[in-house]
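A.B. asks: For the record, the sequence lines run as chains F and D. Under the UniProt record's numbering, the first sequence has 601 at position 601, and the numbering climbs by one with no breaks. Under the UniProt record's numbering, the second sequence has 173 at position 173, and the numbering climbs by one with no breaks.
No lab work stands behind these hints, which were simulated from the structure alone. Quantities reported herein were computed from a predicted structural model and do not represent experimental measurements. Take these hints with a grain of salt, some might be off.
[As the list claims (entries may be wrong)] So the derived label-pair ranges between C-beta atoms look like this:
1. D:Arg-621 - F:Glu-639: 36 to 44 Å
2. F:Gly-393 - D:Thr-217: 53 to 61 Å
3. D:Arg-502 - F:Ala-560: 43 to 51 Å
[Claimed, not checked] In silico negatives: residues of chain D with every beta carbon more than 10 Å from chain F:
4. Ala-210
5. Gly-298
6. Pro-515
Ideal Cβ placement from N, Cα and C applies to all residues, glycine included.
Protein chains: 2
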Amino acid sequence: MNLDQDALCVTTLRMLAADMVEQAQSGHPGMPLGAAPMAFVLWSRFLRHDPSDPGWPDRDRFVLSAGHGSALLYALLHLSGYDLPLDDLKRFRQMGSRTPGHPEHGLTPGVECSTGPLGQGLAMAVGMAWAERQLGERFAVEGQSPLLDHHVYVLASDGDLMEGVAAEAVSLAGHQRLGKLVVLYDDNRISIEGSTDLAFTEDVEARFRACGWQTLTVGDGEDLDAIAAAIELGRAERGRPTLIRVRTVIGHGTPLAGTPTVHGAPLGPARMAETRAYYNWPELSFHIPEEVKAYRAGVIERGMELSQGWAARIAALEASDPARVAAFREALSGVLPEGWDAQLNALEFGDKPVATRVASGKALNALALGLPALIGGSADLAPSNNTHIQDGGSRNLHFGVREHAMAAIVNGMALHGGWIPFCATFLVFSDYMRGAMRLSALMETRVIYVLTHDSVAVGEDGPTHQPIEQVAGLRALPGLTVFRPADANETALSWRLAVAARGPSALILTRQNLPILPANPEGVARGGYVVSACDGIPEITLLASGSEVSLALRVKDRLAGAGHGRVRVVSMPSWELFAAQSAEYRRGVLSAGLRLAIEAGCSMGWHRWVGEEGDVVAVDRFGLSAPGGEAMRAVGMSEEGVLARALELLAGEGG
Amino acid sequence: MNLDQDALCVTTLRMLAADMVEQAQSGHPGMPLGAAPMAFVLWSRFLRHDPSDPGWPDRDRFVLSAGHGSALLYALLHLSGYDLPLDDLKRFRQMGSRTPGHPEHGLTPGVECSTGPLGQGLAMAVGMAWAERQLGERFAVEGQSPLLDHHVYVLASDGDLMEGVAAEAVSLAGHQRLGKLVVLYDDNRISIEGSTDLAFTEDVEARFRACGWQTLTVGDGEDLDAIAAAIELGRAERGRPTLIRVRTVIGHGTPLAGTPTVHGAPLGPARMAETRAYYNWPELSFHIPEEVKAYRAGVIERGMELSQGWAARIAALEASDPARVAAFREALSGVLPEGWDAQLNALEFGDKPVATRVASGKALNALALGLPALIGGSADLAPSNNTHIQDGGSRNLHFGVREHAMAAIVNGMALHGGWIPFCATFLVFSDYMRGAMRLSALMETRVIYVLTHDSVAVGEDGPTHQPIEQVAGLRALPGLTVFRPADANETALSWRLAVAARGPSALILTRQNLPILPANPEGVARGGYVVSACDGIPEITLLASGSEVSLALRVKDRLAGAGHGRVRVVSMPSWELFAAQSAEYRRGVLSAGLRLAIEAGCSMGWHRWVGEEGDVVAVDRFGLSAPGGEAMRAVGMSEEGVLARALELLAGEGG
């Protein structure tokens, strides 16, 4: 250990972060100034990573859950030799830079996940640690060291620890005994509104211990050796995750140290000058001493040694056990294995009505046979969501009633690599995990949300359990592909598309049985297609998704009985896929005539597809507790209700 | 205590609940069978309520957080003499009954809040207990006993305690030292997927103690006296909330006792018979022994004594302190006091641009002067949300970074009565509290959501902090009135409407400054109005909300310069209010010509207002980190971008 170099590096991190905020005239200097020592100890003495290969599969993961401290992360990446030159640091928070206001996965090398929405970073880290352990088990051979063996480190703030999503994840991490997870808690006792005494006086360590964690305290966040000793103990404890509470001072070294004012605003030139004086630092922005440059070179060299050592070990193993290593490499690549969908494609649903949640369970199980990377579970609703993998062993995850952490954890698993995770709950409780679903979309993680019990047809459980606005809300989320399949065949095809997708998907499924329709793989892949055509130009086209497609088909029959023979029915399982088709294809499917949309959910968004002359039969109110069929009729989801509206439209009473 | 009567009552509760589920062929018998003893002890020996006056202000509150156990609650209400006859119990979960699948506030007398979405009941109870204490303080006179002095009791399940929203609320309740809150935890060790060992092995009591709670254990959930002794200790501890863990057996007395199977399905005739035999119960459905009827009469009588005693005390006080009692009565009535909006109406914003979040802070403070019932705060963002009440004292609540619990807590405060609560965070983090916002809408609680930083104009904080889909998602929620005001005047008017509203409102506010527009109270009250008219029929009408109204006005000027003089600009601060206007009014505002909508959020829903010939300039992608103006331009929110699209439309290039 070179103590002078250490001290210089810590001050460099601090001043770089302060300089970045000052240059941007925007950002959060307080946390980096307080937490730089613990971050540096972790990165310099423990973190196993290769700055020249940020994707090295066996690297330790570092998650800055307190994403507002991004300037600290960028300074760490720069000092460690990642491809993030000083010019990027100088363009902090500017258009097109790789140093955005909060860390963004995919934009900056070395950023493991997008953080800023508090609590989720910690929950994603739990997912990463869980993924690591599961992957180790999957490729384990007795008597040999595991193919992957790395830690997940988190830097978290009091804001992270107040969030419910983190509390859920903490409980689950303790339950799962994720020993390779080490959380550094930057305990600066300051939140935006003032002292944490205003709202956060719980005994954090006792809470974590109650959840099965090891807890350690470092009384002085400037004491590098004490921090190192605690991390060492965290690494040594393999049976429990570890929380290390480190007492720090927000905005350390500035005239505003220890106050909320320093949390989220530039210091200004006068205070910057005082801070430089405090640290005995030259009057230069973005100054990096020579000793620090030497440190940087050392990190790069050590990183290459580490990753090359691992690669050599895997290569050596390849000679003796080529199949295992090939499967391991394939899993890490994320590429779907040969024949992954063979069992799915062979599925036959017969001709008896089946709930799409049941069809989904069959599709999932068919896929699981050809896709060892498929892993997941439910927030304690597996029997209702039909998400159990038969003989799936530890691929069946039990999240407990913790929807938000569940979604964040599957994000973490997808980010870790080696897995295609899914998770499940009732559609109405997707509300509890919107925050993490948004990060799925933003980070483009390949996760599959299985959301069952998708309408008022849920029935007796009543309005608290009957989704109304959820499908619209999910369709509004950029980057999420929403599927609301009309029958078992569309369900299997949706699963196929979701697994092959680049980003996240949501499968919206019924509790109740639905008739089987002819399979139309191309139609589903295009997001919308003609289910039932007619001769000539349609008088009216009925647009629907999910359970309302068969309702539309019945209405078509009723319309024929009322003398309207030219009726088309269109299924729109995925608006996102349909919107991505050519205008010509879309016009061809929608037809030029009158259009009536039918959906057992709110009308929001359907006017886009029906046009001004058209109309929407939807449910813009809460539901009610009654048997499903009765409840649906009560909210207008019935042959009679839709038929009446269709006849009005045909009679010229426009929407 | 009549022990025979007690035992008969407990068995009656159990068998009524099982009968209800059996009759409905739907529902959850497991929890009522296990938790009936503790519920009965609480209701018979402690709960101060008046079944003949369910709205008695000083009643103890009982919250069934485990709402799936609704049959138990209905049985309790029936046995206690509430207006819920046996016929209602026989129509459990049927159309139009007052015994829906999950408890619904407003539908059934004695149901304090709608529960079912797990964790929220406990969080709402925290809000009720907080409201009680604050109300006591507000009307306190030294040396006199408080006008209100009641407890809040909760029956919670393991599912409740796994949820993050409950964890947040537990931490805050301990911090606030809410001594009148007593939670009975039905520890049956069974969740839907199996034993709680699958996912929930934390030391719940230690976690609660870490959060400042008293914790007690009852080892045998059949031991009425042990339960009573624990509740007594809970009541005696005034400085901390109390958790009582009661070990129970799910589905007690049935052949399925102790298994997940009994959680959520009818027992069936054979198992019902075995259960009746176990409890030595006659072969009759909905049987109520004579002793139990006598118990019922006693509860009614005692309840009337309690509430009349309280009423007499208040009446006596009225003679000596009429002003205080009048104010107290007014607060409880929820009616707005004379002149409540005088200060708001007198607000002047001048002519300099001002952020609507800043205008909101001024409106809030103006209202607070005339509305002592206004109470609230932020999830640790008060300085950014501008939600601090000057000299507001304890009316300023500090929720910490706990959005979901915050929203549930304000629901609980509104349900308790005496307060008009508001809460605040960044709009993008409304995602974290969707679950509770939905319950606001479903229960029609008058709560006001202050959601600032409403678009990509947030700027440097980047896409994790820039809302895109949130406004659409909130507009999709039935029963929530969403306001996106265009300037300071619209903001003040929106506040006025929100306070006077029957149900919940959301105020969507900018971080950045916006020009001041002419005030149009009637236009805002109608949800949409013409901000800038033109001679003759408009060639094109620009529709916008919030910050895009002034953008539309600038585009109108540019269009005039390009030879298009007949341009109308419409502000649509609230779709819900606009949709409620007559078709004639709406047509008059929207005009018959081309329409172009502009909004710095996703386009979802706008097609309804622009028609097939029209178009929408919106942001159907995530944002980016850069100064706000640059970020807005990059996503097309600029004069140039909108002007170009308007000119295309005018040139006949349709949407």
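A.B. asks: Does each hint fit the structure? Answer for all of them.
C.D. replies: Verification of the hints:
| no. | hint | verdict |
| --- | --- | --- |
| 1 | D:Arg-621 - F:Glu-639: 36 to 44 Å | holds (40 Å) |
| 2 | F:Gly-393 - D:Thr-217: 53 to 61 Å | violated (35 Å) |
| 3 | D:Arg-502 - F:Ala-560: 43 to 51 Å | holds (45 Å) |
| 4 | Ala-210 | violated (4 Å) |
| 5 | Gly-298 | holds (31 Å) |
| 6 | Pro-515 | holds (23 Å) |
The structure does not agree with the numbered hints 2, 4 stated previously, though it agrees with the rest.
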